[in-house]
Amino acid sequence: MMKKIGIILLQVGLIYLFLLLAIAIKNILSIPLPATIIGLILLFLALQLKLIKLAWIEQGGRFLMVQLLLFFIPSAVGIVNYDQLLSLDGLWVVLIILTSTAIVLAATGRVVERFGDQK
Amino acid sequence: MIKSIGAILLTVTLYQTIKALAQRYPKLRLNPLILTTISIIILLALFDVPVEQYQQDGRLLTNMIAPATIAFAIPVYKHFHTVKRYLGLLMIGTLIGSTVAILSTLGLALLFSLDDYLLISLLPRSITTPFALEMATEIGGVSALAIVFVIITGLLGVLISPAIFQVLKIDSPIARGMALGMAAHAVGTTRALEYGEEAVTFSTLAMVFAGVITTIFGLTFLPWLINLVL
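Note that the protein sequences, when read in sequence, are chains G and S.
Numbered according to the numbering used here, the first sequence spans residues 317 to 435.
Numbered according to the numbering used here, the second sequence spans residues 2 to 231.
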């Protein structure tokens, strides 16, 4: 149990290093992409170029992704400052999300179904 | 320090308890993120703790979002043979999906004359939360609102997807998977499991591609477009 926690902590630390590296690169080269996306690309390249092994980060990565929703709670609690959502505006927001999501499902699904067929 | 440990312990315990309940009783469709958030809001109100204080104490959790986003490179690496083979299809599907998501949301929000801060916080709603949070910050939205809109999108997307697939004859697992990952991010990906392993792979890849593409939109033409219409 302790060993597993240790491994996860170390691996999360290694992934965190990619974030720090991405922030440094972003600042030095002033790339207009968010550091997280630069970090994602760096981690992918490091794996692809065999600079690091999947086993070095796999458990830490799985931990971060499985627990992802937990990390949003402190931010989500901030919703309490927006009671406007309890008014009619809240209903409009839900209606907009419903309609737009239906359009996105339809557009993406149809396009992929159409182009996927030609393979 | 002690308050910070307290805030994190409370959040983790509540979240894991509700998550265990949700897994034990799947029929109740409990959403651990929503229920934990509501419980904490109630507790903070009862004990008269300001929300900002709790957010400050719990920032270790918030700090984990960025490395979690980076970890999305792992599924792309694992499924790289699929990415190589279907790169064109993945790009077309998520480029069109991301464009349609942003433009339809923007158009509808203008139609309903929503307040600017609501409109801007709605724009990242179709992408997975860590990317949406990053994008909301970049374009001047409210992160708490963006998170809630992302969750609502996922839940509604999964709810309406079977009807849309049936009516529009979207039958292949690849198309269904990509539509779910594009329109309903991680919630959609869980649902894609019903259409098989291939659908899950494509759903995951569409989710990561959509996250990156939409965030790049958010940094490039979107601020210009927002300026134009508001």
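These are calculated hints, taken from the structure and not from any lab test.
In this text the structure is predicted, and so the values were computed from the model without any measurement.
Treat the hints with care, since some could be wrong.
Here are the simulated DSS-like cross-link-like pairs (lysine-lysine), alpha carbons at most 30 angstroms apart as the crow flies [unchecked claim]:
1. S/85 to G/366
2. G/319 to G/366
3. G/320 to S/4
4. G/342 to G/319
5. S/79 to G/320
6. G/366 to G/320
7. S/20 to S/4
8. S/20 to S/170
9. S/4 to G/342
10. G/369 to G/319
11. G/369 to S/85
12. S/20 to S/85
13. G/342 to S/28
14. G/320 to G/369
15. G/319 to S/20
16. G/369 to G/342
17. G/369 to S/79
18. G/320 to S/85
19. G/366 to S/79
20. G/319 to S/4
21. G/319 to S/79
Now for the hints, and whether the structure bears them out:
1. S/85 to G/366: Judged against 30 angstroms, a Cα distance of about 18 angstroms means the pair holds.
2. G/319 to G/366: Roughly 26 angstroms between the alpha carbons, so the hint for residue 319 of chain G and residue 366 of chain G holds.
3. G/320 to S/4: This hinted pair holds, its Cα atoms lying about 27 angstroms apart.
4. G/342 to G/319: 35 angstroms, violated
5. S/79 to G/320: Given that 30 angstroms is the threshold and the Cα spacing comes to 22 angstroms, the pair holds.
6. G/366 to G/320: Given that 30 angstroms is the threshold and the Cα spacing comes to 24 angstroms, the pair holds.
7. S/20 to S/4: Between residue 20 of chain S and residue 4 of chain S the Cα gap is close to 24 angstroms, so the pair holds against 30 angstroms.
8. S/20 to S/170: 35 angstroms, violated
9. S/4 to G/342: Measuring from Cα to Cα gives roughly 34 angstroms; hence the hint is violated.
10. G/369 to G/319: Between residue 369 of chain G and residue 319 of chain G the Cα gap is close to 20 angstroms, so the pair holds against 30 angstroms.
11. G/369 to S/85: Holds, at about 20 angstroms.
12. S/20 to S/85: It is violated: about 36 angstroms lies between the C-alpha atoms, which goes past 30 angstroms.
13. G/342 to S/28: Outside the cut-off at roughly 46 angstroms; violated.
14. G/320 to G/369: Distance ~18 angstroms between residue 320 of chain G and residue 369 of chain G Cα, so the pair holds.
15. G/319 to S/20: 24 angstroms, holds
16. G/369 to G/342: Satisfied, since the Cα-Cα distance of roughly 25 angstroms is no more than 30 angstroms.
17. G/369 to S/79: 12 angstroms, holds
18. G/320 to S/85: Violated, because 34 angstroms separates the two Cα atoms, which is more than 30 angstroms.
19. G/366 to S/79: 13 angstroms, holds
20. G/319 to S/4: 28 angstroms, holds
21. G/319 to S/79: Distance of about 25 angstroms is within 30 angstroms: holds.
In the structure shown, a violation is registered for the earlier hints numbered 4, 8, 9, 12, 13, 18, in ascending order.
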